[in-house]
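Number of protein chains: 2
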Amino acid sequence: MINTLNEILEKTKNREKPVVTIAGAEDEEILRAIIEAQKLGIANGFLVGNPELIKNTAYLHSLDISPFEIVPSSDTEDSSHLAVSLVTEGKSQIVMKGQVLTSTFLKAILDKDKGLRTGRLFSHVGIFEVPNIKRLLVISDAAMNISPTLKEKVDILLNALEVTRVLDIEMPKVAVLAAVEVVSENMPATIDAAILSKMNERGQLKGCIIDGPLALDCALSKEAAEHKGIKSKVAGEADVLLVPDIEAGNFLYKSFIYAARGETAGVVMGARSPVILTSRADSHQSKLYSIALATLLSLEGLYA
Amino acid sequence: MINTLNEILEKTKNREKPVVTIAGAEDEEILRAIIEAQKLGIANGFLVGNPELIKNTAYLHSLDISPFEIVPSSDTEDSSHLAVSLVTEGKSQIVMKGQVLTSTFLKAILDKDKGLRTGRLFSHVGIFEVPNIKRLLVISDAAMNISPTLKEKVDILLNALEVTRVLDIEMPKVAVLAAVEVVSENMPATIDAAILSKMNERGQLKGCIIDGPLALDCALSKEAAEHKGIKSKVAGEADVLLVPDIEAGNFLYKSFIYAARGETAGVVMGARSPVILTSRADSHQSKLYSIALATLLSLEGLYA
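Sequences listed follow chains A and B, in order.
Going by numbering that gives the first Met the number 0, the first residue of the first sequence is number 0, and it counts up by one from there.
Going by numbering that gives the first Met the number 0, the first residue of the second sequence is number 0, and it counts up by one from there.
These are calculated hints, taken from the structure and not from any lab test.
Backbone N, C-alpha and C define an ideal beta-carbon position, used for all residues, glycine too.
One or more hints might be untrue.
Stated by the list, open to error - Pairs of lysine to any residue, SDA-like flavour, derived with a Cα cap of 25 angstroms:
hint: 1; chain 1: A; residue 1: K16; chain 2: A; residue 2: E6
hint: 2; chain 1: A; residue 1: K150; chain 2: A; residue 2: L109
hint: 3; chain 1: A; residue 1: K106; chain 2: B; residue 2: V181
hint: 4; chain 1: B; residue 1: K12; chain 2: B; residue 2: E299
hint: 5; chain 1: A; residue 1: K227; chain 2: B; residue 2: E76
hint: 6; chain 1: A; residue 1: K221; chain 2: B; residue 2: H60
hint: 7; chain 1: B; residue 1: K230; chain 2: A; residue 2: L276
hint: 8; chain 1: B; residue 1: K227; chain 2: A; residue 2: H60
hint: 9; chain 1: B; residue 1: K221; chain 2: A; residue 2: E28
hint: 10; chain 1: A; residue 1: K106; chain 2: A; residue 2: S73
hint: 11; chain 1: B; residue 1: K227; chain 2: A; residue 2: L59
hint: 12; chain 1: A; residue 1: K150; chain 2: B; residue 2: E184
hint: 13; chain 1: B; residue 1: K232; chain 2: A; residue 2: R260
hint: 14; chain 1: B; residue 1: K230; chain 2: A; residue 2: D26
hint: 15; chain 1: B; residue 1: K230; chain 2: A; residue 2: A280
hint: 16; chain 1: A; residue 1: K38; chain 2: A; residue 2: V18
Claimed, not checked - Reference listing, derived: stretches of chain B covered by chain A, where coverage requires no fewer than 3 residues with Cβ under 8 angstroms from a Cβ of chain A:
hint: 17; stretch: 127-136
hint: 18; stretch: 185-191
hint: 19; stretch: 207-218
hint: 20; stretch: 237-247
hint: 21; stretch: 257-267
Stated by the list, open to error - Just the calculated beta-carbon pair ranges, DEER-fashion:
hint: 22; chain 1: A; residue 1: I190; chain 2: B; residue 2: D110; range: 24 to 32 angstroms
hint: 23; chain 1: B; residue 1: E184; chain 2: A; residue 2: T148; range: 15 to 23 angstroms
hint: 24; chain 1: B; residue 1: M198; chain 2: A; residue 2: E184; range: 28 to 36 angstroms
hint: 25; chain 1: B; residue 1: E169; chain 2: A; residue 2: G118; range: 52 to 60 angstroms
hint: 26; chain 1: A; residue 1: Q284; chain 2: B; residue 2: K133; range: 22 to 30 angstroms
My request is simple: use the sequences and hints to build the entire structure.
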């Protein structure tokens with residue numbers, strides 16, 4: 000079982016190296032991340048974008064991009080489509096957003112004919128290492144699905160379980176988060192949590208232990224759950240935090256980074272390949288961890 | 000300007016002591032908090048509940064409750080109503096939930112005839128001291144209003160500003176939080192954020208600087224905002240975090256405590272007196288801070 004982000008790095012070093020294609024490689028931080036990943040033996044890279052701008056960026060920051068092939072594109076839309084096509088052609092195993100708009104990037108990924116659709120829901124899975132918490136925490140979906148339905152929550156969970164599987168978490172504990180532990184008609188998050196718990200109990204959702212509604216304190220702290228009189232196999236031991244909507248998930252995500260000083264790796268699941276969609280504000284380290292996570296998924300995940 | 004929870008304690012010591020009435024005082028933790036508040040010269044107390052149970056609780060834990068008057072009640076509903084009536088009769092200035100159900104307690108507070116209604120919206124205001132963040136952060140509403148409308152968000156903000164006023168924050172910076180910084184039709188939180196920002200610009204909401212939509216990273220970190228190219232007077236300096244709904248607020252609240260190891264004080268605003276509504280899982284220290292905050296509001300707030 001993997002307990003730190005660094006263990007993900009270690010587990011992907013010096014194995015078969017998937018090729019990460021960067022859509023819009025004209026970005027210092029992204030270049031640094033792929034260079035380091037290549038040096039560590041985690042991944043190779045294709046740099047899609049304007050060749051002169053990519054070379055200038057590398058030159059200005061003294062970055063050695065000689066290990067990488069540059070794939071010229073005419074604009075950011077073209078960069079996105081080219082990156083996707085390298086995956087569909089089997090030349091690349093991972094696609095990563097660089098200096099292109101998220102909307103442009105996702106449009107290319109989600110394209111019905113030429114994109115990376117599989118029929119499964121696309122969702123973001125974030126892994127967090129937070130000081131004082133001795134295991135990795137998975138949050139989903141904090142970045143793609145705005146206000147998922149119950150059915151979409153099931154798909155989000157299945158995507159998250161694909162990540163916990165490569166993290167060797169044998170029977171992941173899933174907390175379906177809400178503001179309270181009681182089921183309340185007025186709070187849809189609690190209703191869906193109750194339903195998902197029961198579906199798990201009935202064997203409709205396998206390979207994990209689901210409990211909810213749980214507030215975050217109960218998901219993270221056994222003592223808090225005991226104080227509240229909540230008996231739960233998930234309390235204090237949650238591996239996966241299933242959030243009701245993008246705001247709730249995003250605040251938790253950012254709080255883990257900006258208040259609790261944690262680190263993160265993230266990947267978009269549901270596509271034909273792992274998709275890396277880091278934010279400009281993410282740290283350099285976080286971008287590297289995300290590449291390593293995508294590599295691990297590419298090597299050990301369901302990607303054929 | 001008050002920057003730590005301890006400064007709130009200091010600012011309330013040895014002044015006029017308001018009387019905190021505890022609805023359901025048969026609880027060790029609550030008794031400890033009021034005893035300490037009394038010793039520090041922050042508040043006096045009325046203990047409403049079953050006199051024998053209160054005395055037994057004190058005896059079992061060697062707590063000296065001799066400074067306090069016990070007000071006998073027949074059950075928890077009666078405790079709640081009695082506590083409220085002590086405030087309406089002017090004998091007490093603050094009411095605090097003890098060993099009674101939140102729903103029972105709030106029913107008494109919100110009672111149309113005998114409750115503490117003022118015509119203003121009731122909302123929870125939480126203050127957080129988080130390691131690594133050099134100022135207090137106010138979150139609202141993380142506990143009472145489930146999915147507030149725009150109008151309710153205005154009222155929630157006004158209640159929060161009443162708290163920042165007694166904290167001597169002269170021109171509080173308010174981040175209206177969302178998952179992103181762009182206004183998106185698909186994300187109601189961003190729409191309300193845009194509207195509230197403009198209302199502030201037009202002078203319809205005074206005494207603060209409002210900006211939103213802002214994601215939490217931009218609210219807390221100037222660097223994150225710069226990375227994203229966001230220019231905002233609030234970025235990196237937010238005092239108030241206005242959240243879109245109870246889940247998003249609650250996750251942030253709990254994350255500040257259970258992941259970032261922060262401390263909190265909380266109060267319900269909008270009533271005829273400050274209302275203290277701590278959770279069983281709150282620390283002893285947090286209960287004391289909440290009493291101090293309520294005292295400060297009672298001494299320097301708008302309560303006539």
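- Task: Please name the hints from earlier in the document that this structure breaks, with their numbers sorted from lowest to highest.
- Result: none
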